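**Student:** One-letter residues, chain by chain:
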Amino acid sequence: MFRKILIANRGEIARRINTVAQQMGMRTVAVYSDADETLPFVKEADEAVRLGPAPAKDSYLNQEALLAAAKKTGAEAIHPGYGFVSENAAFAQACTAQGIVFVGPPPEAMLRMKDKSEARKLVAAAGVPIVPGSEAVLPDALSAAAEAERIGYPVLCKAAGGGGGIGMQVANGAAELEKAFRASADRARSAFGREGIYLERYFARPRHIEVQILGDLHGHTIHGLERECSIQRRHQKVVEEAGSPLFLEGQHPGLKQKLFDAAVKAAKAFGYANAGTVEFLYSDEQVYFIEMNARLQVEHPVTELTTGLDLVGWQFRVAAGETLAVTQDEVRRKGHALEFRIYAEDPVKFFPSPGLLKVFRPPVGASVRLDSGYVEGNVVTPNYDPMIAKLIVFGETRRAAIANAADALKDFAVEGIKTNIPLHQRIVASEAFAEGRLDTRFLEHHAKP
Amino acid sequence: MADVTAHITGTVWKIECKVGQQVNAGDTLVILESMKMEMPVEAADGGVVKEIRCKEAQSVAEGDVLVVLG
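Chains as they are written, first to last, in the numbering used here: chain D, 10 to 458; chain Z, 1245 to 1314.
Treat the hints as calculated values from the structure; they're not laboratory data.
Check before you lean on any hint, since a few could be wrong.
[Stated by the list, open to error] Computed footprint of chain D on chain Z, listed as stretches where at least three residues anywhere in the stretch have a Cβ under 8 Å from a Cβ of chain D: (1) 1252 to 1261; (2) 1277 to 1285.
[What the hints assert, rightly or not] Calculated pairs, DMTMM-like style, for lysine to aspartate or glutamate (alpha carbon to alpha carbon, straight line, at most 25 Å): (3) D:Lys367 <-> Z:Glu1306; (4) D:Lys277 <-> D:Asp149; (5) Z:Lys1280 <-> D:Glu288; (6) D:Lys427 <-> Z:Glu1282; (7) D:Lys277 <-> D:Asp338; (8) Z:Lys1258 <-> D:Glu204; (9) D:Lys358 <-> Z:Asp1247; (10) D:Lys188 <-> D:Asp149.
Predicted model, so just to flag it, every value in this text is computed and none were measured.
Quick reminder that beta carbons are idealized off the backbone N, C-alpha and C, glycines included.
Only chain D is shown next, with the shape it has when bound in the complex (with noise of 0.2 Å):
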């Protein structure tokens, strides 16, 4: 196992690898922007180094900086966790040219995730069901308007290059397939560089259920069940669960193996390793491939709580050659686990609301698991993203775990700024909710104020 190993993240990502990896016995390095220098996550690593000021792209995304602490420190290896350098490629490439592990997938594997209509190519030539949709990037509206019309309405115009839902635009029939496509190419150069877009079927109201995936480099590939994060406010994710409702107390067998199974068709085709995450819509009683995310998932906990998978310990056991020691048959649910993510927001208009922490008190108890970046004291800043922590909760049954989440909820006292943790709580109360009906609009009609 590698002796010393450094952290290219921040928040509760970071403190969270590293527990694990100080738990395995490795020395620690985190690095931290000006704006994270008093946060948890800075003090409890064995060493820091600062990377530059506050914005992005001068800390947590500046390669060479990151490259730098690694080699003062001599760090062996580079936990990226999710967002910042997590899905770059040519960042992976980088470590390995100059000796360092990076702990992810190979970046050959990445490269071939990237474009995610060359994606969907390549799984469905692996038998992997996608979204009906072109086959490529369309060069123009008139292209597009051709294949609509194959696809069927409504239809989607997605950037090839893009990700969290940027540019997306419907079409609800012919007349609205032009002006959608213009904005969607116009949003992908702006955001992404380039304006490749391609078209999917769209579904008005489906789920959004995803695939564990654990592999090692020596050839073995299994799955670690599925997660459902249909719970969703401007295509983030606000709720996610283990088991999915949808195939609790055995509903649907056939549909879940075949999803399974897709999962792991879909991870091989891409040549993957390390932990990764394969997405599928659900609707109209069948499942289809999104994509596959490169990284440890930010919902990762409520697979661990349930299966008793270690993610992130696999993810340094993986990338240090071990073997994978799981079998697929010891992979087995136990209980029900729900993860709320506790965002700095206004819980009704979804505002922004960075501040001081003058108060933070979280719950406590047997079925309570925190992942929090902050204590009380802590400013929260504009700088970065708005999750602050997420909240964990696990029952025997999804009913248990819904009745721990509403008291879990109700002890979590925080002052200073808004969070969403209200908006949690009308989820938890809702008939919806409580029924497992859930789909990607579900926060358009329930759990209103």
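Assemble the complex: chain D is given as a structure, and chain Z must be docked to it using the hints.
**Tutor:** Positioned in the frame of chain D, the structure of chain Z alone reads:
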């Protein structure tokens, strides 16, 4: 005269108006950036831009006056 204030704490990403410009209710005057989100600040009423009290890349707090309309 009407003060247009920041509705969130963040940084000024873009200024979308000029002194002397006639604006209508709902026009975007300034775009703020906070926590990886772009948040437009719009004119509540129409008027003429009398003064711009912020600069691009400047940090602002909720309630700070950004633009004065007359």
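**Student:** Quick check: which numbered hints come out false for this structure?
**Tutor:** 4
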